[in-house]
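There are 2 protein chains.
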Amino acid sequence: MGGHLRYFEDFHVGQRIAFGRYTVTQSEIIEFAKRYDPQVFHIDETHAVTVELGGIMASGWHTTAIFMRLAVDAYLGDAAVLTSPGVDELRWLAPVRVGDIISGEAVVEQARLSVSKPDRGIVTTAVHLWNDDKIEVLRMTTHAFLRVGPHQ
Amino acid sequence: MGGHLRYFEDFHVGQRIAFGRYTVTQSEIIEFAKRYDPQVFHIDETHAVTVELGGIMASGWHTTAIFMRLAVDAYLGDAAVLTSPGVDELRWLAPVRVGDIISGEAVVEQARLSVSKPDRGIVTTAVHLWNDDKIEVLRMTTHAFLRVGPHQ
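Line by line, the protein sequences give chains A and B.
First residue of the first sequence? That's 84 in our numbering, and the numbers climb one at a time after it.
First residue of the second sequence? That's 84 in our numbering, and the numbers climb one at a time after it.
Be a bit skeptical, because a hint or two may be false.
Each pair may be met inside one copy or between any two copies, as identical chains are not told apart.
[What the hints assert, rightly or not] Subject to a maximum C-alpha distance of 20 Å in a straight line, what follows is the list of computed SDA-like cross-link-like pairs (lysine to any residue): (1) K200 x H234; (2) K217 x L176; (3) K217 x L196; (4) K217 x P168; (5) K200 x A177; (6) K117 x T166; (7) K217 x V181; (8) K117 x A163; (9) K117 x A131; (10) K117 x D161.
No lab work stands behind these hints, which were simulated from the structure alone.
Since the model is a prediction, treat every value here as computed from it, not as a measurement.
If we strip away everything but chain A, and leave its shape as in the complex, we get (with noise of 0.2 Å):
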C-alpha cells in the first residue's frame, strides 16, 4: 500500500500484482460456513461424506472472501474503486483445507475507459489462488469500476 490512491490510469494490461499470505484455520472454515454454508463437509469432520471428500473444505464462497481479503491488502484497499459488476468464469479447481496458506495474484488483462461516464474505467484481471503445494484452488475473472484520477 503505497499511501496514494490508485486511480484507472494506474492500471495497464500485463501488469501483475501479488496477494500476502492467508493462513487457513478449522476454526475460521466452521465458523464461516455455520453462518454461510452449513453442507456436513464445512462443517463435520467426522461425517461421512466429509471423510469420503478428504476431510473438512472451507465453502467455496469462504475463499472467495479469502481472495477479496487478499486483493483489498494487496492493491484494491488504496485504488478508487467505485463497485465491481461481477466476475466471469469462477472455478474452485481444488479444496482449500484446514493449515492451507493462500496466496495468488492478479494480472490487469484489459483496462478501458467508459463510455457513457467518462469520469471512470473498467479494470477486469485474471485471478489465480494457490496453496502452499502450489496447487491452484481457485481461478476467475474480474471486473471493476475505477475512478479516473483528478489530474487527468
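Here the structure of chain A is known, so what remains is to put chain B in place on it, guided by the hints.
Structure of chain B alone, referenced to chain A:
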C-alpha cells in the same frame, strides 16, 4: 427440507426452487467486511465515497455468502451435493443495503449425467436474488455435482 436426501435424478430442467428470506443488518455488513472486504463503502458510513454511493452496502462476497445460506436452507442442505466446479456470469446488479430483506430462486437450466463418473450428474441453475423492493441484486449461473441415487 423434506427429511430425505435429494439426488441428481430429483432435479429436472425448468424446476424452480424458491428461497426463504434473509434480513441484512448493518452490524453483519460491517462485521463481514472488516474481516474480508474492508473497503470504506462497506465499513464507514460517514466516508465521502460511501455517502456518494448512497450509504453502506454489503460486500459482493457477503451477498454471495447470503445466497449460499438461502440455497442450503431451501434445497442444498438435503441434496447429495459433491462440491461445485464453479459459477458463471456472476453479476452484482444493485447494492445490498442495511435492512434489505433478500430472497430469490434457483431455476434448473440443465441436468446431465457425468460421462466420466457415472455415479454423479451435474446440475446447472440460474440464480436470482432480489430485495424487498423487488429489485434484482444478484444473478449468476451455478454448477453442482450431485450423486445419483442408490435406487438407480
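- Sort out which numbered hints this structure fails and list those numbers smallest first. As far as the earlier hints go, only 3 is violated by this structure.
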